[in-house]
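*Asks:* Letter by letter, the chains look like this.
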Amino acid sequence: MSDNPSDSAIEVRQLRKEFGVLKAVDGVSFDLKRGEFLSVFGPNGAGKTTLIKILAGLTRPSSGTARVAGYEVAEGRSEMRREIGVISHSSAVYADLTPLENLIFFGKMYGLERPKESALAVLEDVGLAARRHDRVRTFSRGMVQRLSIARAILHDPSILFLDEPFTGLDIHASNVLKEHLQTLHNKKRTILMTTHDVSCGLEMCDKVALQVMGRFAFFEDVKDIDQENFETMYFDAVRNNQFTMGIRPH
Amino acid sequence: MNLFLNQITAIVWKDFVTELKTRELFSAMFVFALLVMLIFIFSVNLSIVKASEVGPGILWVAFLFSGTLGLNRSFVMEKENGCLMGLMLVPADRTAIYFGKLISNFVFLTIMELFILPLFMIFFNIDLLEHLGPLLLVIFLGTLGFCALGTLLSSLASNLKTREIMLPILLYPILVPIIIGVVRMTGQILAGEPLSEMMNWIGLTASFDIIYIGVSIMTIDHILEE
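For the protein sequence lines, the chains are U and L, in the order given.
Residues 1 to 250 (my numbering) make up the first sequence, in order.
Residues 1 to 226 (my numbering) make up the second sequence, in order.
By construction, these hints were calculated from the structure, which means they are not laboratory data.
Be aware that one or more of the hints could be misleading.
Pair ranges (Cβ atoms, derived) [unchecked claim]:
1. Lys79(L) x Ser62(U): 18 to 26 Å
2. Leu136(L) x Thr65(U): 50 to 58 Å
3. Thr22(L) x Val198(U): 40 to 48 Å
4. Glu225(L) x Lys223(U): 36 to 44 Å
5. Asn44(U) x Thr162(L): 24 to 32 Å
6. Ser199(U) x Glu80(L): 32 to 40 Å
7. Lys79(L) x Val198(U): 29 to 37 Å
8. Leu46(L) x His133(U): 48 to 56 Å
9. Thr138(U) x Leu195(L): 47 to 55 Å
10. Glu79(U) x Leu5(L): 13 to 21 Å
11. Leu38(L) x Arg114(U): 45 to 53 Å
Derived list of chain U stretches under chain L, where covered just means 3 residues or more per stretch with a C-beta under 8 Å from a C-beta of chain L [unchecked claim]:
12. 53-67
13. 87-97
14. 100-107
Where is the CB? At the ideal position from N, CA and C, for every residue including glycine.
The following block holds chain L by itself, in its conformation from the complex:
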């Protein structure tokens, strides 16, 4: 168990050191999310439509689309120079590789989201501070499910020549329950509803998070093998 945790920590450490040196992942995700929001800002007339009604969808489109960029890069980095083969040769449980990559993806995406939130507040003139606690919970649940499934599918897509195309095609349809859940909950939070009003959605999103992680644990061994 100790070795398992050390291996997960080592993968996360390695991804962080690499990102600190290259800054490829974070900058790409952040700029992309920013561009998505800017495009929507100019295409939506906020004097007609309520920001709290269109805002949740725009926010999650920015999060998920930019997150897909990060997921694509996640396992491609491992394929460069055959590093994934190096990982497959170490005496590690394949799930340690999965959890290491999942935690890295989750942390990178969460940091990017925390940078995007203040800009979202400014662009849409929405005060998120009074709803910050519930909103962070929803972002946590949504990001976890997205990364859990995305990490699994990016490992699968990394073996394909058309990986950049295949990842979103595989990912978004299966992710629909979580997307619906988090967009609905974000809308309710911005409308000032208490967390107790959205327990069904929280239960649904958390359940899918668990399902995605469970399926990943069961299948990652076969997916990582050629």
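Isolated chain U (complex conformation):
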């Protein structure tokens, strides 16, 4: 927990989200200071995506509170949305537009003063400047993911939410994404990332959480944990979750 609450980028208290009888997020509480990187691991259906959706203001919690960048998430303030960037399973870019058109559009929506200049700079950062006039529909999954990163960081947010950003990427694209995340971390951006890639997640983060059946079963500083023990615990959690879901491992 944070010693100084005003230093917190994200404050979550007893957060719950229920879909009928299903508890997607069940009493999650944690603090994340500005500039910290939290990796959240957990089996499929553990509620990681729902947690990110709540923190990004895309869905309302059933109960509990969450403050992001000092704003109450449930209030849906546009000031809060200015402070966050989200990369999810979906790229959230228009397939029939070019990367430049996409980013100019989002730049205008964010109210940037020079959307074209900002778009070109970010495209340069993610290595898509040469393809800026090609339609996104012609891009590979890795390139679309890079454009998705460009969209998320276009307005220079202080907090980033990444929902399994490495899904479907080849090794090269994964390495490029890792480099980008490292750069953003070095720039003191607060990052909350969900992932299944244990070694990658642990390598980059300051704090680590394990979410199982909606709850945080584990939340520690990465320097205080033993990677091997954590991996065993994570794989146990995945296996137990499979039992719960009625899928027996061979």
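Once you've looked at the hints, dock chain L against the given chain U.
*Replies:* Frame of chain U; chain L shown alone:
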């Protein structure tokens, strides 16, 4: 206020650039409207029935049915690749998203209608030129109401698996006052009646336009949220 207007303009710009590249929306709406008129041409004996009597109904059936195609596509485009989520993440008032989509839908449908009108004149042998001013006013009022309600309901239906079926089922019953108003007014215009004779219908249609836009402003926030 400036940001609000810029965001609306950005959405309209984005929809136009997309349409200029794909031409999916306009071509689908135009061909469909044309087919509707052709079917009616062959099913109605114009030597028995007056074109000015059946024409208004046929014209509005063509406009509204083809417009529904466009409305269905409007928010589906936003759902592709999770773009609607991207829009929900920007610091924009939800009503800016609504008005952006409303203006895009309105302009696309109006352009299609302007292409259909000359064909309607030829097929039904009706001279619209002498009634063009009043007719354009009626088309404006009808199209605005249709798009105002249709944009709201297409955002609602876009979350459903059966969206193509649900949109017309939700839309047409609520749109009945406007449909009656514009078909009546179009009939009166083609019969040569002056605009002053149909002020009640104009008032009714304009009132429903305002009601649909007002209800949309009040509810779009909740509809766009999951």
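*Asks:* Hint by hint, note whether the structure agrees.
*Replies:* Evaluation of the provided hints:
no.	hint	result
1	Lys79(L) x Ser62(U): 18 to 26 Å	holds (25 Å)
2	Leu136(L) x Thr65(U): 50 to 58 Å	holds (54 Å)
3	Thr22(L) x Val198(U): 40 to 48 Å	holds (42 Å)
4	Glu225(L) x Lys223(U): 36 to 44 Å	holds (39 Å)
5	Asn44(U) x Thr162(L): 24 to 32 Å	holds (27 Å)
6	Ser199(U) x Glu80(L): 32 to 40 Å	holds (34 Å)
7	Lys79(L) x Val198(U): 29 to 37 Å	holds (33 Å)
8	Leu46(L) x His133(U): 48 to 56 Å	holds (52 Å)
9	Thr138(U) x Leu195(L): 47 to 55 Å	holds (52 Å)
10	Glu79(U) x Leu5(L): 13 to 21 Å	holds (19 Å)
11	Leu38(L) x Arg114(U): 45 to 53 Å	holds (50 Å)
12	53-67	holds (count 6)
13	87-97	holds (count 10)
14	100-107	holds (count 3)
Going through the hint list in order, the structure satisfies each hint without exception.
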